[in-house]
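Protein chains in written order, with our numbering: chain E, 17 to 306; chain S, 13 to 346; chain C, 514 to 790.
Warning: the hint list may mix true and false statements.
[Claimed, not checked] 16 Å max Cα-Cα, derived EDC-like pairs, lysine to aspartate or glutamate:
#1 K106(S) x D137(S)
#2 K523(C) x D111(E)
#3 K106(S) x E697(C)
#4 K193(S) x E42(S)
#5 K250(S) x E190(S)
#6 K302(E) x E561(C)
#7 K86(S) x E697(C)
#8 K522(C) x D208(E)
#9 K116(S) x E697(C)
#10 K106(S) x E698(C)
#11 K116(S) x D621(C)
#12 K736(C) x D581(C)
#13 K19(S) x D35(S)
#14 K116(S) x E163(S)
#15 K194(S) x E232(S)
[As the list claims (entries may be wrong)] Chain C stretches covered by chain S per the calculated footprint, using a threshold of three residues with CB under 8 Å from any CB of chain S:
#16 678 to 690
#17 695 to 702
[Unchecked claim] Partial pick of chain S residues on the chain C-facing surface, computed with a CB cut under 7 Å:
#18 L82
#19 A85
#20 G88
#21 M91
#22 F93
#23 S95
#24 A97
#25 Y99
#26 H101
#27 P111
#28 M114
#29 Y322
#30 G323
In short, the hints are calculated from the structure, not lab data.
Ideal Cβ placement from N, Cα and C applies to all residues, glycine included.
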Amino acid sequence: MATKASRSSARLMISPAVILLLGWMIIPLGMTIYFSFLRYNLLQPGATPFAGWENYYWFFTDPSFSAAMLNTLVLVGGVLTITTVGGICFALLLDRPMFGQGIIRIMVIAPFFVMPTVSGLIWKNMFMNPVNGIFGQIAAGLGLQPIDFFGQIPMASVIFIVAWMWLPFATLILLTALQSLDQEQLEAAEMDGASWVNRFWFIMLPHMARAITVVILIQTIFLLSIFAEILVTTNGGPGVATTNLTYLIYVSSLLQFDVGIGSAGGVVAIILANIVAFFLMRMIGKNLDA
Amino acid sequence: MGRIQLKQVQKAFGDVEVIPPLDLEINDGEFVVFVGPSGCGKSTLLRLIAGLEDTTSGVIEIDGADATDLPPAKRGLAMVFQSYALYPHMSVRKNIAFPMRMAKMSQEEQDKRIDAAAKALNLTDYLDRRPGQLSGGQRQRVAIGRAIVREPAAFLFDEPLSNLDAALRVGMRMEISELHKKLETTMVYVTHDQVEAMTMADKIVVLQAGVIEQVGSPLELYRTPRNLFVAGFIGSPKMNFIQGEEAAKHGAQTIGIRPEHIDVSMSGGQWQGTVGVAEHLGSDTFIHIHGIPGCDPMTVRADGEVTVSYGDTVSLTPRSDQIHKFDANGLRMS
Amino acid sequence: MARAVSNGKKIANTAIAGTVGFLMFFPILWILILSFKTEEDAIRAPLEILFSSGWTMDSFAAVQARSDYFKHFMNSVTISVGSTFLGLLIAIPAAWAMAFVPAKRTKDVLMWMLSTKMLPPVGVLIPIYLIFRDFGLLDTRIGLTFVLMMINLPIIIWMLYTYFKEIPGEILEAARMDGASLREEVIYVLTPMAIPGMASTVLLNIILAWNEAFWTLNLTAAKAAPLTAFIASYSSPEGLFYAKLSAASIMAIAPILIMGWFSQKQLVRGLTFGAVK
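Given only the sequences and the hints, what does the whole structure look like? Please build it.
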C-alpha cells in the first residue's frame, strides 16, 4: 500500500544514504579528474598550472606503465584461472557425501578471512623464505637448490598468495550454486544414460554458469585493486616485476608525491574497473527482476 | 453484524481496469463465495473489502457505514491468508493473541478467548509451539484462530485451502462450514475450486475478468446458469455443450446438458456414439463418448457398475426437461 | 531423495577432501604452532619444530610489550564495529523504504548505489588523502571509520534490502488487518523478522572492515593504525622474528576466523549482492 504520505517519508528515509554516496562518488572523482590535468607535485609548492594531457602523456609513456598494465593483466588473469578452475574442483569435491563435511569446509574457507597483510607475510617469511621457509627447507632436505621465490619468480609467487586467499571465495560461491541444483535433474540424466563427465558438462556446469560469471566479475573488481599483498611482500619489485596499476599509482602519488600523474593513473584505473563493472551490474540487475 | 455493500466499486492498476464498476450485497451471517478462474479479480475484490487495496472509485459500506477510506484495522474484519501469514517468530499463543494485543484487550479476556479458540480448533496442545513446527492443517487452524478471537463483523478467506493436500482440504472445508454454522458470522470466501463453492456457500458470486457473471445459491446456479460461462464453470464433470443442427432443433445457438442428465442404453436412444475412455469411480462411471454431432467428446455419468469397453457403440438420451438453451451471445434462453 | 552411499566411498571422499582442506588450512595452522614457540625454535626444520621443541606463551607477551599490540587491536575493533553500526544507521531506513515502498526508480537507485562500490579505491586515493590531510583526519580513527563506512555502505544497504524483500507481504498485511499501526507493525512484526538478516549483515561487514587493507594502510601511520597496518610493519626485517609475527598474526585473524565460520552462508549473499543464493 503505497500512499502519498508513505512515498514522501520513504524518500526522506533514502536521502541520507543517497546524499552520502553521491558526495563520496562525485567529490573525489571530480577532484581526481581535475588534478589529472594539473601540473601538481606536493614536493614543489606553489602554482599548479593547467597541464592539458601532459600527465596522461607521462603516465602512458612511463616504461613502468606498460609493465604495470601487463602485470595487472597477468595477476588478474592468473588468479582468476587458478581460483575458477580450482573453485569448481573444490566445489565438486565438497559437494560429495563424506564424513566431517562441516569441518573440512571450514578449513577450505578459512584463508578468505585472513587479512591481506597477514597472508602476505606468512607466505613470504614462513614458506617462501629460501633459508628458513618451509619450501626452502623441504628443497634442502631433498638436496635441491631452494628457490628464491620473490627473486626468481616474483609474479608467480604473488599470484600464488592471492589465489590462496581467493580460492575459498570461489569455492564457497560455486558450492552454494552447486547445492541448489535439483538432485532429480542429475538422476534424470543418469537414467538417460549420461556418464559422470556428461552430467558435469551438460548439467552441473551450465547450472553453475551464472555463479562462475559472478565469481569472475566480482573477483576482477577486487583483484584490480590488489595492493597490500604486494606492499608487504615485494614492494612492487624486483624492479617493476610485481608493480600493478594500483601499486604504480600509489608509488607516483604517495611516494613521489606527483598528484597530477597519480591522478591521471587513477582515471585510467577507474575506466578499467568500469568496463568490468558494466558487465557485472548487468548481471546483478537481471537478477533483481527475477 | 456484518453486512457489506459494494456500490459501483471499481479498481484499476494504472491504466488497467481489473474490476469494472460493480454492485454487490453481502447480508449479515451469509457465507458468500467468490469463485472464478485465476486472474478473474476475485482476490482483488476481497482485498478491496479488506482495505488492503484502495478502491479507484465507488463506495464500500460495512453495516451501513461508509468504510471506503477506513484503514484495514478499523473495518472490524478478519482475514485468513492463502499462505496463512503467521508470524514466524511468535508462538501459536502469541500469534492468536496478536490482534487482541493490538486492541489493548485485558490479559484475562485475551487468555479466555485464546483458550476458547484453541479448544474449538484442537490447538490446545500446540499453543507454545512456533508456526514452523506445525503441519499445514494446524497452521491453517492457527490462522483461523487468530481471526476468530477478534470477533470480527466478517471473516475474509483468501483461498485458504489451496496449500493443503486433497484429504486435508475436505476436512478443513467441513470445519470452516461448521464454524460458520456455529458463529453465524458473515464469511466471504475466495476460491477457484467450484466444488468448494458449491459445498460451502449460501451465495456464490461467479466472476470472470472482474465482472460478476451471476450471483445465486449453489442450486440456483446449477439449475439455471445465466450464461455459458457459469454453466460450464459450475458442476463437475462439466456440462456438455452441443452446437449446430442439434441445437438449432431447440431454437438455440448452443444447448447444454449435464452428464448426469443423460441416460445411457445399448440401443434405441436419441444419439449414437462410440465409447472412448471410461473413468470408473466406483459410485459412478464417467464415460467419454465420441461421434455425437456438435459435441466431441460428450461426457456422460452412468451407474458405477456399468460395464462398457473402449470402442463399444452406445445410445444416449438426454432428459428433455434438463436441456439448457443459450442464444448467440451465450445468454440463457428460458 | 538422497541416495545411500557406501561407507567406503564416503571414506575415500573424506580422505581426498580432508587432504585438500588440510593443505588450504595449513599456513594458518602453522603460524598457530609457531606462535607458541621461542624464536630460536621457530626457525628450525619443520619436523624438529613439531616434535622436539617446547611450548611457550612468551611471543604473545613480547608482541604486546614491544609494540602496544592492544592499542592496534582496539583500533581495529573501533573502526570495524563503528563503521558497521554507523552504516547500519543510514542503511536501515534506506533499505526499508526501498523494500516496502518501492517506487519506479527504486531499482535504478539500488544499482547506482552498487556502482559506487565498483569505483577502484586507487582512483580516488589522492583526493581522499588530500582532504584528510587538510581536515586533519589522517591517522585518526574517526576518519578511517567514515571511509570504511562509505565503502561498505552499498553492501549493507544491498544485503538489508534483500533480507527485507524476503519478508512476505502477506504477513505485513495480516498485521495491518490485526489492527497494528505502522509503528506497531515495525516493532512487533518487521523488526523481529529482520533481526537474523541484520545480524549477518553486521557480521559480514565487520569482517570486511577488519580486513580492509588499502585505506587502512594509506591513511594511517601509527596512532590510529589498525591491525592490518600494524602487521604490515613486520614486513621487514622484523618478519624474521617468526614466533612474534605468528603470535601477532594469530591474534589479528582469530576473531574474524571465528565470526567468518558463523556467517559462511550469509557471506555468499553479501559478497555476490544477492546474485547467488
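Each hint, compared with the structure:
no. : hint              : result
1   : K106(S) x D137(S) : 14 Å, holds
2   : K523(C) x D111(E) : 12 Å, holds
3   : K106(S) x E697(C) : 15 Å, holds
4   : K193(S) x E42(S)  : 10 Å, holds
5   : K250(S) x E190(S) : 28 Å, violated
6   : K302(E) x E561(C) : 56 Å, violated
7   : K86(S) x E697(C)  : 15 Å, holds
8   : K522(C) x D208(E) : 24 Å, violated
9   : K116(S) x E697(C) : 12 Å, holds
10  : K106(S) x E698(C) : 15 Å, holds
11  : K116(S) x D621(C) : 42 Å, violated
12  : K736(C) x D581(C) : 11 Å, holds
13  : K19(S) x D35(S)   : 5 Å, holds
14  : K116(S) x E163(S) : 15 Å, holds
15  : K194(S) x E232(S) : 25 Å, violated
16  : 678 to 690        : holds (count 8)
17  : 695 to 702        : holds (count 3)
18  : L82               : 12 Å, violated
19  : A85               : 4 Å, holds
20  : G88               : 9 Å, violated
21  : M91               : 5 Å, holds
22  : F93               : 5 Å, holds
23  : S95               : 5 Å, holds
24  : A97               : 4 Å, holds
25  : Y99               : 6 Å, holds
26  : H101              : 4 Å, holds
27  : P111              : 4 Å, holds
28  : M114              : 4 Å, holds
29  : Y322              : 37 Å, violated
30  : G323              : 41 Å, violated
Checked against the numbered hints above, the structure violates hints 5, 6, 8, 11, 15, 18, 20, 29, 30; every other hint is satisfied.
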